[in-house]
Amino acid sequence: GAVVSQHPSWVICKSGTSVKIECRSLDFQATTMFWYRQFPKQSLMLMATSNEGSKATYEQGVEKDKFLINHASLTLSTLTVTSAHPEDSSFYICSASTGARETQYFGPGTRLLVL
Amino acid sequence: QQQVKQSPQSLIVQKGGISIINCAYENTAFDYFPWYQQFPGKGPALLIAIRPDVSEKKEGRFTISFNKSAKQFSLHIMDSQPGDSATYFCAATSSGNTPLVFGKGTRLSVIA
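Taken in order, these protein sequences are the chains called G and E.
If you use my numbering, the first sequence corresponds to residues -10 to 104, in order.
If you use my numbering, the second sequence corresponds to residues 540 to 651, in order.
Excised from the complex, chain G in its bound form (with noise of 0.2 Å):
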């Protein structure tokens, strides 16, 4: 099946620093990536979509500028979040599509913890 991976897993960063999230599709070539936020025993939150070589769309709500996002692979996406502050600590989740098709296959997560 195919295989999405986040690095890393985990990351205690002080307030005020930046923080990169990397994710990656293993074995196939992924036309678009999602990145989502959860909350403990929340859903998922759709921060926003990204197209390879072409720029994020963000949901309503979500700051371009604290959250950015490039796509600049088929294979790879990076979730870069600045000037982190202890808010900003979630679940962070990738999933990536081939786009021939509407599956959605999820990374194992990120959490972020801000100090």
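Among the hints, a few may not be true.
Sample of chain G residues with no beta-carbon within 10 Å of chain E, all distances over it, derived [stated by the list, open to error]:
hint, residue
1, His(-4)
2, Ser7
3, Phe56
4, Asn59
5, Thr67
6, Thr69
7, Thr71
8, Asp77
Here are the simulated DSSO-like pairs of lysine-lysine, each with C-alpha atoms no more than 30 Å apart in a straight line [unchecked claim]:
hint, chain 1, residue 1, chain 2, residue 2
9, G, Lys30, E, Lys597
10, E, Lys643, G, Lys55
11, E, Lys643, E, Lys554
12, E, Lys544, E, Lys554
13, E, Lys610, E, Lys596
14, G, Lys30, E, Lys643
15, E, Lys581, G, Lys9
16, G, Lys53, E, Lys596
17, G, Lys53, E, Lys544
18, E, Lys544, E, Lys643
19, E, Lys597, E, Lys581
20, G, Lys3, G, Lys53
21, E, Lys544, E, Lys607
22, G, Lys3, G, Lys55
23, G, Lys55, G, Lys30
24, E, Lys581, G, Lys53
25, G, Lys9, E, Lys643
26, E, Lys643, G, Lys44
27, E, Lys597, G, Lys53
28, E, Lys581, G, Lys55
29, G, Lys53, G, Lys9
30, E, Lys581, E, Lys544
31, E, Lys610, G, Lys53
32, G, Lys3, E, Lys581
33, G, Lys30, E, Lys610
34, E, Lys544, E, Lys596
35, G, Lys30, E, Lys581
36, G, Lys3, G, Lys44
37, E, Lys544, G, Lys30
Honestly, the hints are just simulated from the structure, not real lab data.
Just so you know, even glycine gets a beta-carbon here, dropped at the ideal spot from N, CA and C.
Since the structure of chain G is provided, determine the placement of chain E on it from the hints.
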């Protein structure tokens, strides 16, 4: 975003029993309905999915029932096992690379 309403919020089932989770949607443009299983601290894993051209799809112990006229679909887990204890999310999307719309999730506990 169009909503997908999921119920119940939590469910306790005895081992060997049937777990049933229901979802309802509003957007008639939706034509792909996956179910995801998520264990604590892990990303969601695709469990089973259905398209509107069939009313039922079965994969092992997992079955999706789909009612297009009622705009409802449900997940049935037969012979539920403690290892099935997880949070289940229904979702929906329309054709193309459009985002999934998720239900709020159902926390399933299967007790021995």
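Taking the hints in turn, this is what the structure says about them:
1. Non-interface status of His(-4)/G relative to chain E is upheld: no Cβ of that chain comes within 10 Å, the nearest being about 13 Å off.
2. Look at Ser7/G: its CB is around 23 Å from the nearest CB on chain E, clear of 10 Å, so calling it non-interface holds up.
3. With a cut of 10 Å on Cβ distances, Phe56/G stays outside the contact zone with chain E, its closest approach being about 15 Å.
4. With a minimum CB-CB distance of about 18 Å to chain E, Asn59/G clears the 10 Å threshold, and the non-interface call stands.
5. No beta-carbon of chain E is positioned within 10 Å of the beta-carbon of Thr67/G; the least distance is around 17 Å.
6. The beta carbon of Thr69/G sits about 19 Å from the closest Cβ of chain E, which is more than 10 Å, so the claim that it is off the interface holds.
7. The claim that Thr71/G lies off the interface holds: its Cβ sits roughly 23 Å from the closest Cβ of chain E, which is beyond the 10 Å cut-off.
8. Even its closest Cβ contact with chain E, about 18 Å, leaves Asp77/G beyond 10 Å, as expected for a residue assigned away from the interface.
9. Annotation: proposed proximity of Lys30/G to Lys597/E holds, straight-line Cα distance about 28 Å (limit 30 Å).
10. Among the hinted pairs, Lys643/E with Lys55/G is consistent with the structure: their alpha-carbon atoms are about 26 Å apart, no more than 30 Å.
11. For the proposed pair Lys643/E and Lys554/E, the alpha carbon gap of about 24 Å is at most 30 Å, so the pair holds.
12. This hinted pair checks out: Lys544/E and Lys554/E have alpha carbons roughly 26 Å apart, not beyond 30 Å.
13. The suggested pairing of Lys610/E with Lys596/E holds, with an alpha-carbon distance near 16 Å, which does not exceed 30 Å.
14. Simply put, Lys30/G and Lys643/E have alpha-carbon atoms about 9 Å apart, close enough for the 30 Å limit, and the pair holds.
15. The hinted pair formed by Lys581/E and Lys9/G meets the criterion: a straight-line CA distance of about 19 Å does not exceed 30 Å.
16. Of the pairs offered as hints, the one joining Lys53/G and Lys596/E is violated, with about 40 Å between alpha carbons and a cut-off of 30 Å exceeded.
17. Under the criterion of a C-alpha separation no larger than 30 Å, the hint pairing Lys53/G with Lys544/E is consistent with the structure, at around 29 Å.
18. Between Lys544/E and Lys643/E, the direct Cα distance comes to roughly 7 Å. Compliance with the 30 Å bound is thereby established for this hinted pair.
19. With a C-alpha separation of about 25 Å, the suggested pair Lys597/E and Lys581/E falls inside the 30 Å cut-off, and the hint holds.
20. Between Lys3/G and Lys53/G, the direct Cα distance comes to roughly 21 Å. Compliance with the 30 Å bound is thereby established for this hinted pair.
21. For a cut-off of 30 Å, the pair hint linking Lys544/E to Lys607/E stands: about 15 Å separates their Cα positions.
22. Our distance criterion of 30 Å between C-alpha atoms is met by Lys3/G and Lys55/G, whose separation comes to about 16 Å.
23. Between Lys55/G and Lys30/G the CA atoms are separated by roughly 24 Å; this keeps the pair inside 30 Å, and the hint holds.
24. Annotation: proposed proximity of Lys581/E to Lys53/G holds, straight-line Cα distance about 26 Å (limit 30 Å).
25. A distance of roughly 28 Å separates the Cα atoms of Lys9/G and Lys643/E; the hinted pair therefore holds under the 30 Å criterion.
26. A hinted pair counts as satisfied when its Cα atoms are at most 30 Å apart, and Lys643/E with Lys44/G qualifies at roughly 29 Å.
27. A C-alpha spacing of about 41 Å is found between Lys597/E and Lys53/G, which places the hinted pair above 30 Å, so the restraint is violated.
28. This hinted pair checks out: Lys581/E and Lys55/G have alpha carbons roughly 25 Å apart, not beyond 30 Å.
29. Between the alpha carbons of Lys53/G and Lys9/G the distance comes to roughly 14 Å, so the proposed pair stays at or under 30 Å and holds.
30. With a C-alpha separation of about 23 Å, the suggested pairing of Lys581/E with Lys544/E holds against the 30 Å cut-off.
31. The hinted pair formed by Lys610/E and Lys53/G fails the criterion: a straight-line CA distance of about 35 Å is larger than 30 Å.
32. Annotation: proposed proximity of Lys3/G to Lys581/E holds, straight-line Cα distance about 24 Å (limit 30 Å).
33. Between Lys30/G and Lys610/E, the direct Cα distance comes to roughly 26 Å. Compliance with the 30 Å bound is thereby established for this hinted pair.
34. Among the hinted pairs, Lys544/E with Lys596/E is consistent with the structure: their alpha-carbon atoms are about 21 Å apart, no more than 30 Å.
35. About 13 Å separates the Cα atoms of Lys30/G and Lys581/E, which keeps this hinted pair within 30 Å; it holds.
36. A threshold of 30 Å between alpha carbons decides the hint, and for Lys3/G with Lys44/G the separation of about 28 Å falls inside it, so the pair holds.
37. At most 30 Å may separate the alpha-carbon atoms for a hinted pair to count; Lys544/E and Lys30/G meet this at roughly 16 Å.
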